[in-house]
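A.B. asks: Hints are included, so try docking the two chains, each in its own frame, into the full complex.
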Amino acid sequence: AQTVTQSQPEMSVQEAETVTLSCTYDTSENNYYLFWYKQPPSRQMILVIRQEAYKQQNATENRFSVNFQKAAKSFSLKISDSQLGDTAMYFCAYGGSQGNLIFGKGTKLSVKP
Amino acid sequence: NAGVMQNPRHLVRRRGQEARLRCSPMKGHSHVYWYRQLPEEGLKFMVYLQKENIIDESGMPKERFSAEFPKEGPSILRIQQVVRGDSAAYFCASSRALGTGELFFGEGSRLTVL
Chain A
1 AQTVTQSQPE MSVQEAETVT LSCTYDTSEN NYYLFWYKQP PSRQMILVIR
51 QEAYKQQNAT ENRFSVNFQK AAKSFSLKIS DSQLGDTAMY FCAYGGSQGN
101 LIFGKGTKLS VKP
Chain B
1 NAGVMQNPRH LVRRRGQEAR LRCSPMKGHS HVYWYRQLPE EGLKFMVYLQ
51 KENIIDESGM PKERFSAEFP KEGPSILRIQ QVVRGDSAAY FCASSRALGT
101 GELFFGEGSR LTVL
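From first to last, the protein sequence lines stand for chains A and B.
Mapping of the first sequence onto the numbering used here: residues 1 to 113, in sequence order.
Mapping of the second sequence onto the numbering used here: residues 1 to 114, in sequence order.
Okay, chain B solo, but in the shape it has when bound (with noise of 0.2 Å):
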């Protein structure tokens, strides 16, 4: 029963690039959660997809961050034109329904620009 899977583990990036971000959620959760965690902080949300919507984006910055839950493959967290402020660890969470309380996290991937 695999968890929440997230790849790659570790990605570097000069500045300018862009990122990629892949999230499978745990069999039979439809809901997805993006967070992002800079050094030495807490986690703050950024997007909840459910297949094929976005829910609520208020957390994701206006350019450059999109997010995508297609009906078939993971979801996507895209960041286009990378600059050394991106650098943070970017975890994704699934859940089986809205307001079942627990998100199960993946490992997190950690993004560096340089």
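Just chain A, with the same shape it has in the complex (with noise of 0.2 Å):
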């Protein structure tokens, strides 16, 4: 069975500064997508980011991009310039063969002005 760890439960960053969250997964797969959701006090699941485990060009979608390790089974997430609005849970997520996704317990992230 597929597993997704994120084995850092809170942080904190100051105001436009970068911040690196973890995320390993586990899985015998070889095909397979990896997602970063953030999800604000408002409880709203955004998608932030998404990789195909077949792109070895790590994704980027303005001040948010990848490190994608797939030999290691590591997924982490940079925020450039982090900004008020960043201020929520971090969940990563593995999406397989089955359709469904499996998410890590989450980072919250703080960012302080």
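These aren't lab readings, by the way, just hints derived from the structure by calculation.
If you're wondering where the values come from, they're calculated on a predicted model, not measured in any experiment.
Beta carbons are placed, not taken as given, at the ideal position from N, Cα and C, and that holds for glycine.
Wrong hints could be hidden among the right ones.
On the chain B side, residues computed to face chain A include the following (Cβ under 8 Å) [said to hold, decoys possible]:
(1) Ile54
(2) Asp56
(3) Phe65
(4) Gly108
Output of the computed footprint for chain B on chain A, the stretches with three or more beta carbons under 8 Å from beta carbons of chain B [to be verified]:
(5) 15-28
(6) 65-75
In silico PhoX-like links for lysine-lysine, alpha-carbon gap of 20 Å or less [claimed, not checked]:
(7) A/Lys112 with A/Lys73
(8) A/Lys105 with B/Lys44
(9) B/Lys62 with B/Lys27
(10) A/Lys108 with A/Lys70
(11) A/Lys108 with B/Lys44
(12) A/Lys55 with A/Lys70
C.D. replies: Quick look at the structure:
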């Protein structure tokens, strides 16, 4: 069975600084997707970034980028120029052949002014 | 282009009552997923449905919980004889087809059992 591990329950960063959130996963599949979702206090699940496992190039979305290391089964999220609105829970998720997503337990990020 | 619609957003029930949560997937999406989020935890998969079929219910509690996605109308997650431990946020997500990767989430339904 696939698993997703987020080892940082909480993190904080100063506004305008850079922060990296860690995620590791375990799978025997070769083709899959990885995601980072953001859940602000409103509790809406918002897709931040997505990575297809067959792509070697790391995905980027404006201030958000990932470091995808397939062999190490690592998928970290880097947030550059952190903004107060980035304060939220961040969930790493794995999507494989079964269709549903498997989520980590989340990292609570606080951006401090 | 409406997203995934869930209702009610908030539902309060007393122990022993029934809770029904509804989810309308995005237009063109035929795959629906239900997740439960307990306070301070991540989302746990419950069930995956296509129209008129349950594909994977490995995350559903064996008793009191059921789900359906009829040919017409929204998907329904039904919890019978609710207990305080059922208090949680229930999220619905949809996708166009299996293997497309991304799931689109609704805003969730928060169930409180008194």
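A.B. asks: If a hint holds in the structure, say so; if it doesn't, say that too.
C.D. replies: So, going through the hints one by one against the coordinates:
A least Cβ separation of about 12 Å between B/Ile54 and chain A goes past the 8 Å threshold, and the interface hint is therefore violated. The beta carbon of B/Asp56 is positioned within 8 Å of a beta carbon in chain A (closest approach about 6 Å), and the interface hint is therefore held. At a threshold of 8 Å, the smallest CB-CB gap from B/Phe65 to chain A is about 16 Å, leaving the interface hint violated. Hint on B/Gly108 holds. Least Cβ distance to chain A is approximately 6 Å, under the 8 Å limit.
Residues of the region 15-28 of chain A lying with their CB closer than 8 Å to a CB of chain B number 0, which falls below the three-residue condition for coverage. Here the region 65-75 of chain A counts 0 residues with a CB under 8 Å from a CB of chain B, which misses the bar of 3, and the coverage is violated. Taking the CA atoms of A/Lys112 and A/Lys73, the gap is near 31 Å; set against the 20 Å cutoff, the hint is violated. Among the hinted pairs, A/Lys105 with B/Lys44 is consistent with the structure: their alpha-carbon atoms are about 9 Å apart, no more than 20 Å.
This hinted pair does not check out: B/Lys62 and B/Lys27 have alpha carbons roughly 31 Å apart, beyond 20 Å. Under the criterion of a C-alpha separation no larger than 20 Å, the hint pairing A/Lys108 with A/Lys70 is inconsistent with the structure, at around 25 Å. Between A/Lys108 and B/Lys44 the alpha-carbon distance is near 17 Å, which keeps this suggested pair within the 20 Å criterion. Among the hinted pairs, A/Lys55 with A/Lys70 is consistent with the structure: their alpha-carbon atoms are about 10 Å apart, no more than 20 Å.
When each numbered hint is compared with the structure, violations occur for hints 1, 3, 5, 6, 7, 9, 10.
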